[in-house]
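S.K.: Residues per chain, in single letters:
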Amino acid sequence: MAGGAAMGIWAKKKDQAMIELSGVAKSFTLYNQGGAAIPVMAGAALSVAPGECVALTGASGAGKSTLMRMIHGNYLAASGRIVVGGLDVAAAEPREILALRRHVLGYVSQFLRVVPRVPTLDVVAEPLLAVGVPVEAARDRAAALLARLNIPRPLWDLSPTTFSGGEQQRVNIARGFAHDYPALLLDEPTASLDPGNREVVLELIEAAKARGAAILGIFHDAGARARVCDREVDVSAFAVAP
Amino acid sequence: MRAGAFRAEAPVAPILSVRGLTKRYGGRVGCEDVGFDLYPGEVMGIVGESGSGKSTLLNCLAGHLRPDAGEVLFDLGKDGMRDTLALSEPERRRLARTDWAFVHQNPRDGLRMTVSAGGNVGERLMAVGARNYGAIRASALDWLGRVEIAADRIDDRPAAFSGGMQQRLQIARNLVTGPRLVFMDEPTGGLDVSVQARLLDLLRGLVRDMGLSAVIVTHDLAVVRLLAHRLMVMKGGRVVETGLTDQVLDDPQHGYTQLLVSSVLQV
Ligand SMILES: Nc1ncnc2c1ncn2[C@@H]1O[C@H](COP(=O)(O)OP(=O)(O)OP(=O)(O)O)[C@@H](O)[C@H]1O
Ligand SMILES: Nc1ncnc2c1ncn2[C@@H]1O[C@H](COP(=O)(O)OP(=O)(O)OP(=O)(O)O)[C@@H](O)[C@H]1O
Ligand SMILES: [Mg+2]
Ligand SMILES: [Mg+2]
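Listed in order, the protein sequences are those of chains A and B.
The opening position of the first sequence corresponds to residue 28 in the numbering used here, with each subsequent residue numbered one higher.
The opening position of the second sequence corresponds to residue 942 in the numbering used here, with each subsequent residue numbered one higher.
Hints listed in this document are in silico derivations from the structure and should not be mistaken for laboratory results.
Heads up, a few of these hints could be off.
To give a feel for the contact side, a few chain B residues facing chain A, derived at Cβ under 10 Å [stated by the list, open to error]:
hint : residue
1    : G982
2    : M985
3    : A1138
4    : R1149
5    : L1172
6    : K1176
7    : V1189
8    : Q1194
9    : Y1197
Beta carbons are placed, not taken as given, at the ideal position from N, Cα and C, and that holds for glycine.
Using the sequences and the accompanying hints, generate a full structural model.
M.R.: The following block contains the structure:
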């Protein structure tokens, strides 16, 4: 399976963290709205070991998605260390972050962002092609995931741009689970899914844990959280008084 | 996947290394103190308002303009990193024909309008020593196909092509010799949206399949999001912000970048 050999180096001993944050701070300065810095968090720390699923909790606006985006390298941390698979994302070069995203760190965002004109099957197969999996094998794996997530076959050759919200979310999940990433970030993976598809996603998460993936997730669905998560980290604990 | 591929993938040596690049037009600043390293396989986007120095910088990098200060080091393989500003004129021309390509905003500046489409592509091959007519024509046909120009147009002059076709022909002409580094100034500017999308598909494929490095100047943030690995934001000739493309667009750190990002439709 794709990524199998890479796990040899990236899956460390069970007690060694795959994702480890310490002293992470973030504020937003909107220069065109007065330019005052709005602090979101400071001193954020957490760690996720291989095979473990940790839930980020906290009220709306507490900073769960912000923290996840910093781990992904999409938001810039103001200070602190964000070590994923040995790379400090907070201090890394763009090309190092892109390589990390290709091989090590998967991310299922809340909403699918698609390249225009690319068919759904290729959208899902792309992460596998990016790590050198042959086209046929990548498409087979993509097809299996799309089938499992109940995306009707006639849609596979179309761009997901025009799909329903739930369909897009399932394409997004299929894409996020195509390659066996050693570390996974999941932002509301079960939101807007019917019970059948929710069950499929929870099974995918359980299977990823079983093969040793370190998972950090945001779940508003308390039942889902209780079932797949081993621990919770409350982001409100990192809040700074404005 | 190979074990260790993640580490092995990040190459150690840049293909292009730029330091302190400055160009003035009399008292007016073209670009000032620009520096960056570009790595093999990397695509860097340059964005910024009109007059911010993007084309000036690109032309200095490609040797079309002589900067007042700074250095542009290019990896010449066995000869190591060489300052392209210190190369002799024949050496620089050779580099421009073999290792580099330059895609102009206006295809008329990058094509020979009186030569057939096939000739435009074949000419580049001949410039690097190709002599076999059959092989040159086959290669030209192959490249016209890749940029979706029908084989039966090979003997037409570019003047008879639409703007989008001319731009695709210019790209074929530039890439046929397998350059390692491509400079592009607004490659999708002035094209209608559907033509733009096809051209972007094409460029994405070429970057992926040929492992090209590229520096792309554009006004279009949707284009850089799709094409560029990293971004450089310019204002008044200076670089105000650089970083991973999605980070600069989604979490811009500089007030000017925030303005730039908020003043266009989100993609
Ligand atoms: N790009 C941004 N620019 C400015 N402020 C931002 C940006 N992204 C997030 N914020 C702010 O950071 C804070 C945390 O937002 P975030 O989206 O992380 O919350 P959350 O915990 O994920 O909430 P929810 O449960 O509603 O998704 C909010 O005040 C939000 O407005
Ligand atoms: N040949 C020239 N002589 C004098 N000034 C020039 C010349 N070329 C450019 N400039 C000036 O240098 C500055 C940078 O110009 P440049 O063409 O690099 O901008 P740009 O970022 O490419 O803009 P655009 O997006 O409009 O193409 C501008 O102020 C411009 O007027
Ligand atoms: Mg959120
Ligand atoms: Mg210009």
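S.K.: Of all the hints numbered above, which does this structure not satisfy? Sort the numbers upward.
M.R.: 6
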